[in-house]
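Following the hints, put chain E in place on chain S, whose structure we already have.
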Amino acid sequence: MAAADDDDGIGSLRAILLAPEQRQLEELQVRLDDRDRRAHDIGEVLPLVLREHAHDPQLARALTPPLEEAITASVKRNPKPLADALFPVMGPAIRKAVSASLASMVESFNRTLEQAFSRRSIRWRLEAMRTGKSFAEVVMLKTLLYRVEQAFLIDRRSGLLLQHVQAGSGVVQDADMVSGMLTAIRDFVQDSFKVSETDSLEALKVGELSVWIEPGPQAIVAAVIRGSAPRDFRPTLQDAVETIHLQFGDLLERFEGDASTLEPARPTLEACLQQQYRAEERKPRTTAAWAFAVVVALVLSAWTGLAWRSQARDQRYLDALRAEPGLTVVSSERRGGKLVVTGLRDPLAKDPLAVATAAGIDAAGIDGRWTAYQALEPSLVLARATRILQPPAGVTLSLADGVLSFTGAAPGAWIAEARRTAPLIAGVSAFDPLLAMIAIIESPSLLFHKGTPILVPGQDAEVQRLAETLRDFDARAAAAGQRFAIEIVGHTDAEGPDETNLPLSKARADAVRDAIAPKPFTNVTITTNGVGSREPAVGPRDSPSSLGAGQNEADNQRNRRVTLRVSRLTGGPR
Amino acid sequence: MIQKKICMLGGFAVGKTSLVARYVSSIFSDKYLSTVGVKIDKKQLNVDGKDVTMMLWDIYGQDDFQTVQPSQLRGMSGYLLVVDGTRRATLETARQLQAKATEAVGPVPFILLLNKLDLAAQWEIDEPAFFKLVEDGWRVVRTSAKTGEGVEEAFELLARAMLR
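Chains as they are written, first to last, in the working numbering: chain S, 12 to 585; chain E, 639 to 802.
Next comes chain S alone, as it looks inside the complex (with noise of 0.2 angstroms):
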């Protein structure tokens, strides 16, 4: 009894003494066990925790696996939200990745032309020729300060090969040996000189080669460096041993020789493959390549000024071709640098080559390939009826419609001969020896003055001539057994009636027969006609005149004329 009273009487001192530490208590045990509270309570202080440690790498590992999965969730719950936030920074960032990206194409084409151009890419390509390696590899062994090539995570127990990286496509020697032998290697310094634990080895040079090892709990991370690394590539190093052993520290633990579990550990590897040039002279980059750009536009306009050119020169070789009877281009084209023309050839046409040097065009640039053939264009006609005849001096051969005349003194024997040989030259129809004659006697106009039958002064010559032609003529009629009519036929201008142009133009045919037929022929006989202005050689203009019916004096002239018409009546081809 007492003892409970004992009992009581500590309680209620207790109650006395300690009442406010003990509500205290209790109201700290609520807040404890009150989830919300307490939720409360962490918001309250989180923010000042992360802003405190936000420079803190523990906190930012930390934070990336849940950050990704909730990110990684959210985009798969619905990708807008996140896509819109993203907007404004996606645009800037591709713009500066696509202009980062030209900026380094542009920095290697310009370094590959430096390269390519200059006095010591040539020395380089020299040395790359006596070494037997290849250019790219000198150039990168003079340029390069520094390049990582490999980078092993090797198992720290067993020295497995857990997992290797490497720049490039370079040829490596077994990297899961290489792991075991730097373990071993490693072990071997270790226990050779006795140092402590925290000691070892942390890098291995041989010659342009060193091999920075970085040690982990777990793992190591070994660099295989070409070069001399700064001593600022350390903490890239010991970074990546933190990161991997901070992301997979239990797989490391328990690592049982599978090293694919280990996979994704390789880009935080990656990131150790760095690597640093030489810096260059910094000269004005673009030089070169503008350089390069202008060399190539002038390389580019004089070609194609000089195609545009050549084919100027062919186009003109071409059509003087064309123009040159006997000759036909069939087709042409450029080959091996040669203007190749395939045609056909009269052999009485120009030489093509003649026609080439006659264009001003090398010769020598020119491959004519002609086949031969007989042209029927009336010149070449001619030529061919010419050389087949061969006419007697004073005799020339004239062409008409296919048939073939001349004019000139010929012997009989040479005429019957052409009569019978003409028919056979290609191109002509038949030989008729007054054809010729014909159209002398027709193309004259004699002219008249004024409103008189008196010849114009000055055509005594004309009328000579024509007097001795029809006398000729009325000769080879009669020799070839033909008779023919010609009709001489006056004219007058359109001033004055019919009543006074009519005879008028009559008395002025009759006077030309006067003058060049004073006495008749045997095989020819001669006519007049007057017409007055019924056939005018001028027809009425649109242009009023002074002059009357639209004519002015020299359209008059010409109209007061006597023309002459020969018509065949027996025998002879026309």
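A few of these clues could be false.
Here are the simulated DMTMM-like cross-link-like pairs (lysine to aspartate or glutamate), alpha carbons at most 20 angstroms apart as the crow flies [claimed, not checked]: (1) E:K680 x S:D185; (2) E:K681 x E:E794; (3) E:K681 x E:E790; (4) S:K517 x S:E453; (5) E:K688 x S:D269; (6) E:K688 x S:E267; (7) E:K680 x S:E267; (8) E:K681 x S:D269; (9) S:K153 x S:D185; (10) S:K461 x S:E564; (11) S:K361 x S:D330; (12) S:K205 x S:E219; (13) S:K461 x S:D373; (14) E:K738 x S:D202; (15) S:K530 x S:D483; (16) S:K461 x S:E510; (17) S:K91 x S:E79; (18) S:K461 x S:D509; (19) S:K461 x S:D471; (20) E:K681 x S:E267; (21) S:K530 x S:E479; (22) S:K517 x S:E506; (23) E:K680 x S:D269; (24) S:K517 x S:E546; (25) E:K681 x S:D185; (26) S:K530 x S:E473; (27) S:K349 x S:E388.
Note that these hints are calculated values from the structure, not bench results.
Chain E alone, transformed into the frame defined by chain S:
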């Protein structure tokens, strides 16, 4: 692909290196053995449908002046204990090495190789000694690095034991 570290342990001149040379083609020169004390080779094999890469650590022979470093044994999944059948003393060395290995990495699978089978006539390790080992629960394979007899089987046996 499973990787395993395997050590070749045994006294001086018992034929470890020759056994490895018989089994794999190497990229490293043997001179590493006398300098670093270790030479590493690789053998890929398929055991019961599983690809296994064995990294073979050939450790420089044990004699009075050379002791196996625990660091070299670290992380191994099994080992081959090599004895020269013509020299009884090498069996004693093997027993010491086995104890050392167990101390370093715990009880991992191992195979005892009685090597130099081609010189069987000169063997000092007789049938009773052999059966004594088997009674102790040791797996024993008689091999000849010279003729290749038993070599493949020994490595495969170890691989199978490690994967079990």
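Hints, verified against the model:
Restraint check: the Cα-Cα separation between K680 of chain E and D185 of chain S comes to about 9 angstroms, which is no more than 20 angstroms; the hinted pair holds. In summary, the hint linking K681 of chain E to E794 of chain E is supported, as the alpha carbons are separated by about 11 angstroms, within the 20 angstroms threshold. Of the supplied pair hints, the one linking K681 of chain E and E790 of chain E holds, its CA atoms being roughly 11 angstroms apart against a limit of 20 angstroms. The hinted pair formed by K517 of chain S and E453 of chain S meets the criterion: a straight-line CA distance of about 18 angstroms does not exceed 20 angstroms.
Taken as a hint, the K688 of chain E and D269 of chain S pair is honoured in the structure, with Cα atoms around 12 angstroms apart against an allowance of 20 angstroms. Under the criterion of a C-alpha separation no larger than 20 angstroms, the hint pairing K688 of chain E with E267 of chain S is consistent with the structure, at around 14 angstroms. Our distance criterion of 20 angstroms between C-alpha atoms is met by K680 of chain E and E267 of chain S, whose separation comes to about 17 angstroms. At most 20 angstroms may separate the alpha-carbon atoms for a hinted pair to count; K681 of chain E and D269 of chain S meet this at roughly 16 angstroms.
This hinted pair does not check out: K153 of chain S and D185 of chain S have alpha carbons roughly 27 angstroms apart, beyond 20 angstroms. In summary, the hint linking K461 of chain S to E564 of chain S is supported, as the alpha carbons are separated by about 10 angstroms, within the 20 angstroms threshold. Proposed proximity of K361 of chain S and D330 of chain S is supported: the alpha carbons are some 14 angstroms apart, at most 20 angstroms. With a C-alpha separation of about 29 angstroms, the suggested pairing of K205 of chain S with E219 of chain S is violated against the 20 angstroms cut-off.
Between K461 of chain S and D373 of chain S, the direct Cα distance comes to roughly 61 angstroms. Violation of the 20 angstroms bound is thereby established for this hinted pair. In summary, the hint linking K738 of chain E to D202 of chain S is supported, as the alpha carbons are separated by about 17 angstroms, within the 20 angstroms threshold. With a C-alpha separation of about 14 angstroms, the suggested pairing of K530 of chain S with D483 of chain S holds against the 20 angstroms cut-off. As the CA atoms of K461 of chain S and E510 of chain S are separated by approximately 16 angstroms, the hinted pair is consistent with the 20 angstroms bound.
Among the hinted pairs, K91 of chain S with E79 of chain S is consistent with the structure: their alpha-carbon atoms are about 17 angstroms apart, no more than 20 angstroms. Only pairs whose Cα atoms come within 20 angstroms are accepted, and K461 of chain S paired with D509 of chain S is accepted, the gap being roughly 15 angstroms. At most 20 angstroms may separate the alpha-carbon atoms for a hinted pair to count; K461 of chain S and D471 of chain S meet this at roughly 18 angstroms. Taken as a hint, the K681 of chain E and E267 of chain S pair is honoured in the structure, with Cα atoms around 17 angstroms apart against an allowance of 20 angstroms.
The hinted pair formed by K530 of chain S and E479 of chain S meets the criterion: a straight-line CA distance of about 13 angstroms does not exceed 20 angstroms. Straight-line distance between C-alpha atoms of K517 of chain S and E506 of chain S comes to about 16 angstroms, which keeps the hinted pair within the 20 angstroms bound. Simply put, K680 of chain E and D269 of chain S have alpha-carbon atoms about 16 angstroms apart, close enough for the 20 angstroms limit, and the pair holds. Between K517 of chain S and E546 of chain S, the direct Cα distance comes to roughly 13 angstroms. Compliance with the 20 angstroms bound is thereby established for this hinted pair.
Under the criterion of a C-alpha separation no larger than 20 angstroms, the hint pairing K681 of chain E with D185 of chain S is consistent with the structure, at around 12 angstroms. Our distance criterion of 20 angstroms between C-alpha atoms is met by K530 of chain S and E473 of chain S, whose separation comes to about 19 angstroms. The suggested pairing of K349 of chain S with E388 of chain S is violated, with an alpha-carbon distance near 30 angstroms, which exceeds 20 angstroms.
Of the hints listed earlier, those the structure fails to meet are numbers 9, 12, 13, 27, in rising order.
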